[in-house]
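Participant: The residues making up each chain are set out below.
There are 2 protein chains.
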Amino acid sequence: MSMEEIKSNPSSRKHGDDILPNIHKVASPPKQTLFQDFKHNFNETFFSDDPFAKFKNQTVSRKFVLGLQSVFPIFDWGRGYNLKSFKGDLIAGLTIASLCIPQDIAYASLAHLDPHYGLYTSFVAPLVYAFMGSSRDIAIGPVAVVSLLLGTLLTDEISDYKSPEYLRLLFTATFFAGITQMALGILRLGFLIDFLSHAAIVGFMGGAAITIALQQLKGLLGIKHFTTKTDIISVMKSVFSAAHHGWNWETILIGVSFLAFLLTTKYIAKKNKKLFWVAAISPMICVIVSTFCVYITRADKKGVAIVKYIKRRVNPVSASDIYFSGNYLSAGIRIGVIAGMVALTEAVAIGRTFAAMKDYSIDGNREMVALGTMNVIGSMTSCYVATGSFSRSAVNYMAGCKTAVSNIVMSFVLLLTLLLITPLFKYTPNAVLASIIIAAVLNLIDIKAAILLWKIDKFDFLACMGAFFGVVFHSVEIGLLIAVAISFAKILLQVTRPRTVVLGKLSGTTVYRNILQYPKAEQIPGMLIVRVDSAIYFSNSNYIKERILKWLTDEEILRTSREYPSIQYLIVEMSPVTDIDTSGIHAFEDLLKSLKKRDVQLLVANPGPIVIEKLHASKISDLIGEDKIFLTVGDAVATFGPKGADL
Amino acid sequence: MSMEEIKSNPSSRKHGDDILPNIHKVASPPKQTLFQDFKHNFNETFFSDDPFAKFKNQTVSRKFVLGLQSVFPIFDWGRGYNLKSFKGDLIAGLTIASLCIPQDIAYASLAHLDPHYGLYTSFVAPLVYAFMGSSRDIAIGPVAVVSLLLGTLLTDEISDYKSPEYLRLLFTATFFAGITQMALGILRLGFLIDFLSHAAIVGFMGGAAITIALQQLKGLLGIKHFTTKTDIISVMKSVFSAAHHGWNWETILIGVSFLAFLLTTKYIAKKNKKLFWVAAISPMICVIVSTFCVYITRADKKGVAIVKYIKRRVNPVSASDIYFSGNYLSAGIRIGVIAGMVALTEAVAIGRTFAAMKDYSIDGNREMVALGTMNVIGSMTSCYVATGSFSRSAVNYMAGCKTAVSNIVMSFVLLLTLLLITPLFKYTPNAVLASIIIAAVLNLIDIKAAILLWKIDKFDFLACMGAFFGVVFHSVEIGLLIAVAISFAKILLQVTRPRTVVLGKLSGTTVYRNILQYPKAEQIPGMLIVRVDSAIYFSNSNYIKERILKWLTDEEILRTSREYPSIQYLIVEMSPVTDIDTSGIHAFEDLLKSLKKRDVQLLVANPGPIVIEKLHASKISDLIGEDKIFLTVGDAVATFGPKGADL
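Chains A and B supply the protein sequences, listed in that same order.
If you read the first sequence in our numbering, its first letter stands for residue 1, the second for the next number, and so on.
If you read the second sequence in our numbering, its first letter stands for residue 1, the second for the next number, and so on.
A couple of the hints might just be wrong.
It does not matter which identical chain is used: a pair holds within one copy or between any two.
[As the list claims (entries may be wrong)] Computed list of lysine-lysine pairs in DSS-like fashion (alpha-carbon distance at most 30 Å, straight line): (1) Lys311 <-> Lys237; (2) Lys25 <-> Lys39; (3) Lys358 <-> Lys63; (4) Lys56 <-> Lys619.
Think of the hints as simulated: they come from the structure by calculation, not from any bench.
Whenever a hint applies, use it, and build me the whole structure from the sequences.
Facilitator: As structure tokens, this is what we get:
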């Protein structure tokens with residue numbers, strides 16, 4: 001009952017069983033058939049972005065064009081493409097190519113591969129993505145974390161990473177990573193990757209960065225015998241046991257000086273955003289200068305490890321290398337699924353970030369199909385798992401890319417590199433590659449984000465730290481597992497122990513609010529108002545019932561001690577209760593029974609559409625009494641509360 | 001801003017940036033230290049029933065007494081025990097004993113055990129429970145479903161159920177079932193059993209009843225070679241392949257006629273609640289009459305299978321039989337955990353049902369410790385897993401039991417039975433035991449409950465049917481697994497795809513409601529009001545953001561087509577949002593960016609205590625603008641909406 005009504009009609013104000021005619025009653029939603037209901041829920045779950053909307057009321061030929069554009073967005077944005085856009089894309093493409101070439105060579109070593117596999121991957125994958133992907137800013141290619149993950153998982157299966165089986169298993173894993181990504185997209189299960197929370201990713205990435213950086217001590221210090229494990233303890237043992245004889249001082253000199261150079265350029269770029277290109281081209285400068293120095297001084301004769309040999313050829317076909325049967329098939333699938341999911345998480349996070357910056361929309365599921373196709377084709381052309389790179393995408397964005405054409409430009413530069421200049425990398429020292437990796441992965445350690453997690457949500461911080469320490473002290477898989485487990489525990493806790501709060505009235509209004517948040521809110525004599533802040537499901541129905549009864553008991557003790565009138569009415573505010581299942585209905589029945597024994601009447605305020613329907617279907621509404629179900633708490637108080645309490 | 005304020009002060013009504021002084025502002029809750037916060041959440045999760053409240057401010061000796069009473073409630077209620085109560089308990093105890101003896105003998109066969117193990121279990125377990133349990137109505141002993149479950153799981157490990165290893169594994173499983181139950185109680189993890197939803201239990205119990213009844217065809221038809229599998233297809237094959245030669249007509253005559261008698265007494269008891277004892281003693285009558293008939297006619301010579309031999313002795317000690325090492329240890333633990341959880345679910349469901357009827361409270365966690373202790377002691381005294389029996393508890397209740405003393409009475413009757421009359425069961429035909437089981441388990445098929453599930457919640461019905469068909473067509477474990485998986489899927493779906501609804505204003509009020517539920521609710525020109533019905537977590541933050549933007553796009557198209565003013569303000573009503581994590585904060589940031597591009601301003605209504613704190617901690621509140629956070633949707637509309645829209 002609204003305030004207006006009461007004021008204009010004060011004589012109608014009565015107590016007890018005489019119910020006032022409230023202006024508005026709790027309404028049931030329009031009836032839907034089971035099929036409509038199911039269709040609606042199904043669409044909301046799997047097709048919430050309504051991807052087929054634009055196909056409606058179109059001719060067949062138009063539908064074909066639209067379908068083609070859906071699968072290959074390049075036919076959509078390509079028509080409006082002009083010289084101005086190309087200028088932006090060309091500069092961006094050249095910039096990311098110069099950053100990408102040294103990174104590719106370096107990252108390949110994280111996966112225990114020869115350097116040209118990194119270059120192969122940066123040639124084919126971006127080309128495929130440019131035709132099918134919908135992000136305009138992402139830079140596609142091999143990334144550090146996925147390379148490390150693959151390296152670890154693959155050596156667990158085949159420890160001899162020089163053997164041809166290792167390479168075959170790599171392509172198998174890449175193939176199934178692609179299939180996994182495609183399947184998630186086609187089956188509209190893209191939302192599954194949301195279960196890897198932001199907090200978990202921050203921790204995981206930070207841990208992976210530390211792990212990768214530690215691995216580089218091998219190259220940076222010129223150590224010959226190094227552990228194959230990735231945890232910090234094994235690595236530090238390796239480093240110190242090699243200290244007496246294994247460290248090569250020439251290597252350290254090269255590594256440390258170039259690392260200093262890279263970090264300086266990074267710092268400059270950070271201070272002055274316009275100079276981002278300084279940091280972007282510095283790895284290439286390092287490679288050129290260091291290669292030249294080594295070639296001149298023949299430092300490789302003094303124990304400085306060099307790349308030695310890179311094939312000058314484009315990607316050979318590797319489709320026949322993929323295992324479709326045999327012992328390694330299941331390992332390939334397992335590794336592929338893990339690597340595919342991690343790669344997807346990274347690419348989707350990047351896509352979303354830049355899409356929000358420029359306010360265009362990314363269809364997550366279509367994006368997954370694009371990335372999946374890219375990796376399936378990659379697995380057949382000697383590439384390994386590619387995805388979006390955080391650092392290169394940022395450079396791409398800052399260099400003014402307009403569309404995915406910048407990826408095509410990069411791809412062509414890579415093609416030329418493969419055909420013409422790869423032999424020049426022969427004398428590139430491994431130490432400089434190590435410093436490039438270290439400088440690159442330091443970006444992945446996001447201390448600010450971790451501090452923000454601590455400030456905002458302690459549970460998120462826990463997930464973050466769990467992932468971080470899991471990766472650093474054990475392995476990438478364990479880190480992932482811990483992060484996912486903590487995230488799930490959080491969800492389960494939410495649905496098992498939802499919040500119930502006692503409401504009070506804000507003076508001079510008909511607004512009822514949590515008395516803990518608004519200490520001035522006043523309780524109504526003889527009434528207790530409780531709000532349930534969650535859907536009532538089997539996992540929490542019993543807790544909610546017990547908790548409401550406990551509020552009642554506690555309040556009764558409190559009020560008796562203060563000689564307030566005892567509680568006659570319990571108002572349950574159900575606005576936030578989106579759904580109730582049969583266990584919830586049973587809990588309601590039990591609550592009614594207990595209240596009856598205590599001589600307390602139950603009033604219900606604002607049940608939602610699904611809840612009111614279920615209360616009716618289960619006939620609980622008859623047990624409660626239709627006249628005890630109200631549109632608002634205010635109405636319930638106006639009808640059954642003490643005189644004047646609703647004002 | 002309340003209506004009163006506006007009316008009394010109409011000149012203060014302005015638009016745009018001049019903000020009206022609202023009476024109440026969104027408040028932050030009182031600051032809590034991290035430790036207070038953690039302590040509160042920890043207590044709410046594990047000690048929500050506040051079990052230590054009564055220990056506060058007590059002397060040490062009083063604390064000792066209270067502690068003793070906590071562990072052994074018999075010392076609490078025992079002091080007020082009188083002759084009148086004993087009369088009720090005596091009659092109830094004798095009634096359930098007469099029902100229990102034939103059931104024990106029969107249920108033991110479901111677990112492939114000799115009949116006396118059922119009787120042993122009904123002697124020790126109720127005695128222990130009477131001292132430690134807090135339910136007054138439960139009847140403790142072996143039950144059909146757990147017996148079947150144990151029989152199936154144990155024969156999967158040791159197919160020769162005549163071997164001593166089978167018995168040792170049984171005691172091992174019983175021991176670990178008890179340990180599991182105790183551990184759940186002591187660690188306050190009792191809420192875990194809530195994850196087996198009511199719907200899943202209905203389906204599981206129904207399926208188990210069908211399975212058990214089908215198994216009885218062996219005894220009822222006198223088939224000698226019978227499958228050890230429990231699925232309906234294997235069993236029916238066994239039955240029909242034995243049709244030509246394996247059916248024994250004398251057995252069928254005994255079985256069918258006594259089954260008819262049992263079902264008739266059941267029907268009478270159902271029609272007239274006062275005659276419940278007719279059904280309760282009928283199994284005993286069947287056993288006595290059939291045993292006498294077989295003894296007189298020597299029908300066992302004509303192929304009627306009989307019990308043959310029951311030892312006359314009380315429980316031998318079996319503690320040394322439990323495997324604490326070796327191959328069978330892990331199997332014992334696994335089976336124990338499953339059986340313990342299932343047994344717990346049954347006992348807790350019974351305890352809660354009768355506690356709600358008589359309005360006394362059951363401490364779930366303490367109850368688990370009691371049941372666990374009972375099974376641990378049982379495993380050392382030749383008992384197998386005992387729990388509360390639905391049918392016997394109902395008889396106990398109807399016979400007028402007052403306390404757990406009825407269980408003590410039953411236990412003594414069982415003791416006398418074991419010492420004196422067991423040899424008399426020698427000629428009891430197996431067929432009559434089969435009919436007792438069939439008549440008993442038919443109670444577990446709750447078609448009404450299944451229909452109600454269908455009416456109230458289709459997803460619950462799905463879980464129910466999944467469990468049912470899983471049990472009937474495969475095995476009890478698979479049925480359990482399906483039910484748990486479907487229940488979890490439901491929870492995950494809820495947290496992944498929460499509801500967002502568009503609100504409209506109910507005319508003549510300041511109440512805003514879902515326009516789908518209240519089609520008469522009117523939207524405000526130039527504003528879109530969306531309510532988010534869930535905590536915003538990593539699993540749904542992106543979906544919620546996208547969904548809100550989709551509402552905005554859809555509404556804009558709709559309003560443009562109707563030539564309504566375009567949307568300038570998006571009001572997000574956050575009352576139901578109990579929590580927001582860092583992913584949610586990021587989604588909010590992205591939402592703000594997208595809205596900025598569209599020239600739409602974001603207004604926030606009624607953020608809860610945790611949400612407002614996190615909005616402040618993350619500085620998002622500055623991005624939104626403190627003046628754009630309102631106590632109610634009405635306030636937001638009054639401040640920024642078109643003139644008169646808030647009335």
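Participant: Now tell me if each hint is right for this structure.
Facilitator: Evaluated hints:
1. Lys311 <-> Lys237: neither (35 Å within a copy, 67 Å between copies)
2. Lys25 <-> Lys39: within (29 Å within a copy, 42 Å between copies)
3. Lys358 <-> Lys63: within (28 Å within a copy, 66 Å between copies)
4. Lys56 <-> Lys619: Answer is neither: 42 Å inside a copy and 43 Å across each miss the 30 Å cutoff.
Checked against the numbered hints above, the structure breaks hints 1 and 4 and satisfies the rest.
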